[in-house]
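S.K.: Sequence:
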Amino acid sequence: MIQGTGSDVGKSLMVAALCRIARRRGIAVAPFKPQNMSNNAAVCADGEIGRAQALQAQAAGLEPHVDFNPVLLKPESDKRAQVVVQGKVAASQTAADYMARREGRMDAVLESFTRLANKYQLILVEGAGSPAEINLRAGDIANMGFARRLDMPVCLVGDIDKGGVIASLVGTRTVLAPEDAALIKGFIINKFRGDASLFEDGFAAIEARTGWRGFGVVPWLPSARLLPAEDGVVLEREPPVGEDGLVIVAPMLSRIANFDDADPLRMEPGVDFRWIPPGCPLPRDTDVVILFGTKSTLGDLAFLRAQGWHHDILAHVRTGGRVLGLCGGFQMLGRTIRDAEGSDGAAGQADGLGLLDVHTEMTSAKAVRPVNGHCLRTGSMIEGYEIHVGQTTGPDTERALFDLQGHRDGAVSSDGKVEGTYVHGVFASDAFRKAWLQRAGAAKGSTLDYRAAVEAAIDTIADAVEQAIDTEALFSCASKPRLP
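First residue of the sequence shown? That's 438 in my numbering, and the numbers climb one at a time after it.
You can take every hint at face value.
In silico DSS-like pairs for lysine-lysine, Cα to Cα no more than 25 Å straight-line:
| no. | residue 1 | residue 2 |
| --- | --- | --- |
| 1 | Lys-599 | Lys-622 |
| 2 | Lys-525 | Lys-556 |
| 3 | Lys-516 | Lys-803 |
| 4 | Lys-881 | Lys-871 |
| 5 | Lys-881 | Lys-854 |
Restraint ranges, calculated between C-beta atoms of paired labels, are given here:
| no. | residue 1 | residue 2 | range |
| --- | --- | --- | --- |
| 6 | Leu-751 | Glu-570 | 40 to 50 Å |
| 7 | Gly-791 | Ala-614 | 55 to 65 Å |
| 8 | Ala-868 | Ala-614 | 52 to 62 Å |
Since the hints were derived computationally from the structure, they do not count as laboratory data.
Ideal placement from N, C-alpha and C gives every residue a C-beta, glycine not left out.
Please take these sequences and the hints and turn them into a complete structure.
M.R.: What follows is the structure in structure tokens.
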């Protein structure tokens, strides 16, 4: 099990790299994360899981499966989240209610893990947050609670780029209960910039103060930014791409979901993609505005207006600019949104931006499915997935954007400048992305093979991790789990 001294220390990427390394060695390997919290979800044939587990499955050469992430929490507000269990929505709970009852989810976690353990030679488990959060230890199913239940060896990852990595690792050892600390077999230092020899004394100090062995120091990996991220914190530090060419901007909504839809655009030569943080206006040189998905459409529509972005978007359209809405962003572009039962956050109704002549009615049923078809505007074949509540109808849906094997999806304004769709992941389809960028005014033709680029990035990261750490020693720590 790979745990970390905190969130965003690189646990997900480390598991992905180790999955690829194990796969190269002919080991039947699978990823697992007992409990994840993310609004970036991936769709499997039988439900949804965290985006990181889908990437880890790809690294292992597997199709994503709900057993890789049996409990997924999708925040709807600061205090409430949708609870997805083995791919299906089970409840919407306040944080306090979930924490009081989460131990009851252990049965589903153990059931999924047991199926994997009976099928694969090696399971690489990712923790959540940090085991040092001892105030959350009672009833824990994500870190030491899970590890102790199965008597599972643990490797702890520390992020030196954040600073204070010695204190983070030694401090974690200090606050853990002795029985929990005994499961930790060693540690990895991650995200080191510069000459690693300068940290030799620090590395030795951690070993001496914790009694754990160090498996190695992993350098800063620039290729990591080419891989899908699941934690919105990455958006806060994402630098502008800095490319000359078509300017595409995306407001950073408060409950933004599935923002990895932007990854292929960020990698495109000739595209200047920019995330726009709260408090900043949309740039005047914008060519296209994209409104991404959200876990709370009404909540983020109010957030968008509070930032003044609605004025910027309306002015952008009046001057001939283009807008694309994906999922919740599509719903915001319509005339009205009604959520009588609170299926997508707080119940209520609001006027949308009115850029598409459509209306959205939220429903309790959630659409979660892979899709494929073709674009009705360009003829390009597409693949993607739907993951949403709500039905959108109105005159502009007669000009649908996609034909999904007989099912029409999306809407287009009468002048063709405003588009909306429920399909996520569509920009990963190279032919569609190339045609869409041309229609949007991109000067350069796309030469990017997105899937090949992701595969190459996984390989590059796996190469670096394999060179930086003692993988033989790490894998040798694996032991047969104590299954229920």
